[in-house]
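Residue numbers (this note's numbering), protein chains in the order written: chain A, 1 to 76; chain B, 1 to 300; chain C, 1 to 663.
Where hints are given, some of them may not hold.
[Said to hold, decoys possible] Partial list, computed: chain B residues near chain C (C-beta under 10 Å):
id: 1; residue: Glu-38
id: 2; residue: Arg-159
id: 3; residue: Glu-163
id: 4; residue: Cys-168
id: 5; residue: Asn-169
id: 6; residue: Arg-172
id: 7; residue: Val-185
id: 8; residue: Val-212
Please keep in mind that the hints were generated in silico from the structure rather than gathered at the bench.
Don't be surprised by glycine CBs; every beta carbon is placed ideally from N, CA and C.
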Amino acid sequence: MYGLKREAIQEGLQPRRLPVAVLAQEFYHMVRRRGRNSEFSLVLRMALRSNPFILLGMIRTGWKLFRKSAICLAQR
Amino acid sequence: MSAYSYFPGCSLRGTGAAYEESLLALFHVLGLSLTELEDWNCCGATSYMSIDEGSAFLLSARNLALAHKAKCRDVVAPCSACYLVLRKTQDYAVRYPAIGAHVGKSLAAANLPALDGVRVRHPLEVLYNDVGADRIHQLVKRPWRGGPVACYYGCQIVRPYHEVDRDCNPTRMDELLNAAGVPTVEYALKTKCCGGSLTGTMHEIGVRLNYVLLKEAVRKRAQAIVTVCPLCQYNLDACQAEIRRGTGERYDLPILYFTQALGWVLGADPEALGFSRSISGQKSIRQWFSTATEEAKAYV
Amino acid sequence: MFDPDDIRVGVYVCHCGTNIAATVDVRELAAYGAGLPHVAVSREYKYVCSDPGQDLIRQDIRDHGLNRIVVASCSPHLHEHTFRTATAMGGLNAFYFHMVNIREQISWVNEDKVSGTAKAKDLLRAGVRRVAMHRPLERGSIPIHPDVLIVGGGIAGIHAALTLANAGKHVYLVEREPSIGGHMARFDKTFPTLDCAACILTPKMSSVKNHPNITLWTYSDVSALEGYVGSYKVTVTRRPRYIDESLCVGCLECIDACVYKQAKVPDEFNYGLGKRRPVYVPFPQAVPLVPVIDPETCIQFKSGKCKKTCIEACGDRHAIDLRQEAKQEIIEVGSIIVSTGFQAYDARRNPYYGYGVYPNVYTALEVERLVNASGPTAGEVVLRDGRKPQTVGIVHCVGSRDENSNRWCSRVCCMYSLKLAHLIKEHTGAEVYNFYIDMRTPGKGFEEFYQKLLNERVHFIRGRVAEIADWGLDATEEGKLVIRVEDTLAGKVRRIPVDMVVLSTGLEPQADANDIRRLFNISCSSEGFFLERHPKLAPVSTFTDGVFLAGCCQGPKDIPDTVAQAGAAAAEVLALIDAGHVETEPNTAYVLDEFCSGCKTCVGLCPYHAITFQEERRKSEINQALCKGCGTCVAACPSAAIGQHLFEDSEIFEEVEGILTYA
Numbered sequence: 001m002y003g004l005k006r007e008a009i010q011e012g013l014q015p016r017r018l019p020v021a022v023l024a025q026e027f028y029h030m031v032r033r034r035g036r037n038s039e040f041s042l043v044l045r046m047a048l049r050s051n052p053f054i055l056l057g058m059i060r061t062g063w064k065l066f067r068k069s070a071i072c073l074a075q076r
Numbered sequence: 001m002s003a004y005s006y007f008p009g010c011s012l013r014g015t016g017a018a019y020e021e022s023l024l025a026l027f028h029v030l031g032l033s034l035t036e037l038e039d040w041n042c043c044g045a046t047s048y049m050s051i052d053e054g055s056a057f058l059l060s061a062r063n064l065a066l067a068h069k070a071k072c073r074d075v076v077a078p079c080s081a082c083y084l085v086l087r088k089t090q091d092y093a094v095r096y097p098a099i100g101a102h103v104g105k106s107l108a109a110a111n112l113p114a115l116d117g118v119r120v121r122h123p124l125e126v127l128y129n130d131v132g133a134d135r136i137h138q139l140v141k142r143p144w145r146g147g148p149v150a151c152y153y154g155c156q157i158v159r160p161y162h163e164v165d166r167d168c169n170p171t172r173m174d175e176l177l178n179a180a181g182v183p184t185v186e187y188a189l190k191t192k193c194c195g196g197s198l199t200g201t202m203h204e205i206g207v208r209l210n211y212v213l214l215k216e217a218v219r220k221r222a223q224a225i226v227t228v229c230p231l232c233q234y235n236l237d238a239c240q241a242e243i244r245r246g247t248g249e250r251y252d253l254p255i256l257y258f259t260q261a262l263g264w265v266l267g268a269d270p271e272a273l274g275f276s277r278s279i280s281g282q283k284s285i286r287q288w289f290s291t292a293t294e295e296a297k298a299y300v
Numbered sequence: 001m002f003d004p005d006d007i008r009v010g011v012y013v014c015h016c017g018t019n020i021a022a023t024v025d026v027r028e029l030a031a032y033g034a035g036l037p038h039v040a041v042s043r044e045y046k047y048v049c050s051d052p053g054q055d056l057i058r059q060d061i062r063d064h065g066l067n068r069i070v071v072a073s074c075s076p077h078l079h080e081h082t083f084r085t086a087t088a089m090g091g092l093n094a095f096y097f098h099m100v101n102i103r104e105q106i107s108w109v110n111e112d113k114v115s116g117t118a119k120a121k122d123l124l125r126a127g128v129r130r131v132a133m134h135r136p137l138e139r140g141s142i143p144i145h146p147d148v149l150i151v152g153g154g155i156a157g158i159h160a161a162l163t164l165a166n167a168g169k170h171v172y173l174v175e176r177e178p179s180i181g182g183h184m185a186r187f188d189k190t191f192p193t194l195d196c197a198a199c200i201l202t203p204k205m206s207s208v209k210n211h212p213n214i215t216l217w218t219y220s221d222v223s224a225l226e227g228y229v230g231s232y233k234v235t236v237t238r239r240p241r242y243i244d245e246s247l248c249v250g251c252l253e254c255i256d257a258c259v260y261k262q263a264k265v266p267d268e269f270n271y272g273l274g275k276r277r278p279v280y281v282p283f284p285q286a287v288p289l290v291p292v293i294d295p296e297t298c299i300q301f302k303s304g305k306c307k308k309t310c311i312e313a314c315g316d317r318h319a320i321d322l323r324q325e326a327k328q329e330i331i332e333v334g335s336i337i338v339s340t341g342f343q344a345y346d347a348r349r350n351p352y353y354g355y356g357v358y359p360n361v362y363t364a365l366e367v368e369r370l371v372n373a374s375g376p377t378a379g380e381v382v383l384r385d386g387r388k389p390q391t392v393g394i395v396h397c398v399g400s401r402d403e404n405s406n407r408w409c410s411r412v413c414c415m416y417s418l419k420l421a422h423l424i425k426e427h428t429g430a431e432v433y434n435f436y437i438d439m440r441t442p443g444k445g446f447e448e449f450y451q452k453l454l455n456e457r458v459h460f461i462r463g464r465v466a467e468i469a470d471w472g473l474d475a476t477e478e479g480k481l482v483i484r485v486e487d488t489l490a491g492k493v494r495r496i497p498v499d500m501v502v503l504s505t506g507l508e509p510q511a512d513a514n515d516i517r518r519l520f521n522i523s524c525s526s527e528g529f530f531l532e533r534h535p536k537l538a539p540v541s542t543f544t545d546g547v548f549l550a551g552c553c554q555g556p557k558d559i560p561d562t563v564a565q566a567g568a569a570a571a572e573v574l575a576l577i578d579a580g581h582v583e584t585e586p587n588t589a590y591v592l593d594e595f596c597s598g599c600k601t602c603v604g605l606c607p608y609h610a611i612t613f614q615e616e617r618r619k620s621e622i623n624q625a626l627c628k629g630c631g632t633c634v635a636a637c638p639s640a641a642i643g644q645h646l647f648e649d650s651e652i653f654e655e656v657e658g659i660l661t662y663a
């Protein structure tokens, strides 16, 4: 299954803004660069690259999480 | 006092903060020592593996080698995805010589020891095997004031490896909670997927999956769902508001980590268990855990 | 007539048409044979196995005073017997014959005629040297006792018993349940004709009861077995029913009189769907119609304080004897038919199907009892709470064709699933769904039966059921069992909500098959079913002479095949009995007492238990009737005290020397 995914990515077969693919790629880049990743940055980057409207839908939840200090804006 | 190496993973430092807090508190009460793995890196989870398989194994191998170097060979990985990827790396490095050679070479180049002898553990399995339901039963300090719960295992810790539990009708979490005096219900959907990252990328599908899980838990008269995975907990927790809006049905279940439930019953400090971090079910949480805080403090 | 030291060998090289002649120069070989020591006659012939060919041998023995025969042709498996007979008809002992295989061993595996012929010469030379050492041997003869033991009283055992009894032979039919009838007694209708199973079975069961040549022992087991074909000594343990069969008249008043006013014990015959009392008959047409008292549930046995109204009801007949003990009967028989049947796969082993978890998941055998008019619900197909189901799902291949449980196909489940679909639809008018992998309908009328079902609007979904659960996604699924299956023909995953699920469980060997096997000294295949001697040509014999198989204990099959196989087993037994004796091959091993040191190494090695140790003489002894001539003890004896007829050291060494000596 992973093999098929990788082939598709190499051939550039997935829609450029498909959120699932974008998430995986951003995850990959972030881990390569920083060694760890932060969920907040990840979701932000994923949404910006694929479909920013996702962020709108998450505002409510995001605010609640922020209030409970479950979101870290920086790496802990 | 047995020493475990602790691999938090990225999500326990993010939305899964309550899991880390309650895990540390619970292990402290049980007298098990957890030493955070120094300079750990992200395990890669499924995303990394799907982009670059070759180096995906190296990410996990580095973590396991660091544990070996620290002479702390049992690595406890609470997050289901971390557990699975680390466990898979440990398995594949032995089973597939090509991967084993690749990993061995890179570790040697980074001046890290080989992987032999390092075991990947999950806190649920550590409690079941190393502590045991009987001992947990003896250590109970507070009665459970809440209602019956549904134990939700999620998909990753029960397949394909069965050290944590079997994939068809797992019951170990139920056994531990029951030994601690927490009543559980029969929950047929205990290993059905919560959607994982789909709630972010394909939102409607993700929400629907969680709706099915919540609906069945309520149908079985569970008053809370107890999970082992930070992503499962987040999904079940965060989707409830939208489900309420979408269906008009009243869902407000606390979604707890099993470490929170056990931690409370075994007498850990309630403030340290991260109950306030849950989004849904706060009313029940306040009733079950906070009103008893004063009395509980007298016990502790 | 001739001096035993004057060896005169006749060599016959067969062309076998072009089979041998094409790759071996048979003329040259025959000429070479003529030049070998002791050879008086050497011929080549097109087909030595033909009548003229055999005549040639017989003629030459008389004309030339031959006293040894070598035929260089095909494998001994084919014609050794033919040529031995020809030799015997020529006046010589049959074992003065030796066969050299130049077909399978040379002609069929060589392409070069020159090297092939050279090799053939080596083998011929070896054969001629060996045959000079042959000694006259006689085949043994074991008399066959005319009585027969049949173990297992299902339809296979019943049919075999009746066939043999009608032929005038005395049969002991031993059955471990309180009544004969087996699984067939529990069926309602049989496919594809929808004959009532009980209606066709019970007349046969009565015939068994009334037949003067059949001794019927139910509630009994075979506990020990000794001997060999023709003379088996069998110990049958008759378990106590606590009712004397010879005094009981079958009025069944003891059952009505039992202090249990309500039947409370889940009954085995109905798979726990119905209830019985501690004193019971398994079903009304039981043969023999004698009740059994179950000591596990009878109050008198458990506490000693019962009014014993059953004994009162029995009155003057005094048939109830609570102090009855197990009895051992020792019988002598010449042949045995094993027809112990199958057991149904335990559906609990498939946890995803919810059997035992959700009350309305049934196995096919349970549903057989539901649809049966004499069953626990009087033929009403109802759910556990008494409601009639409106949708029913029948899941094929539960415990069959499955890597996780049994890999084989159980052969009857497709047909009985179709039958149940028809019966359920008839009884309830429900929507019926069959979930199948393939529809296996090989027998007479089977495919037509399937077509009939299609016309009755039964739904067929091709796909293996993944899961049966009780949680629903929407209102139509509330309160139902949801079957999740991939519909491979429609190409999508479907959820089918049903009220009742029927699991078509497969057939597997009985739980105690291994114990039975060891008792009768027969083997089993890798699945656990008893092994027939040859899958094509000897389907009812086993590798143990005198023990035959019939029915599902040999492999899953339906009723017509079972009856056919039972008839075949009976025929084999009749052949054995009518021949009166069985000839044993003389290539048996024997102990040379003067060399035997009494180390007992050989005793445990014999796979046929043919060697016994004689304590008084401190020597091993080999039973010539049981010995199959495998040679294990011969090779193993540290004192070289065991020889084997037809494979003496002298014969083998001559053969080896023959091959190694270059001409």
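Okay, the hints, checked on the actual structure:
no. : hint    : result
1   : Glu-38  : violated, 43 Å
2   : Arg-159 : violated, 13 Å
3   : Glu-163 : violated, 19 Å
4   : Cys-168 : holds, 5 Å
5   : Asn-169 : holds, 6 Å
6   : Arg-172 : violated, 16 Å
7   : Val-185 : violated, 12 Å
8   : Val-212 : holds, 6 Å
Violated hints for the displayed structure, listed by number in ascending order: 1, 2, 3, 6, 7.
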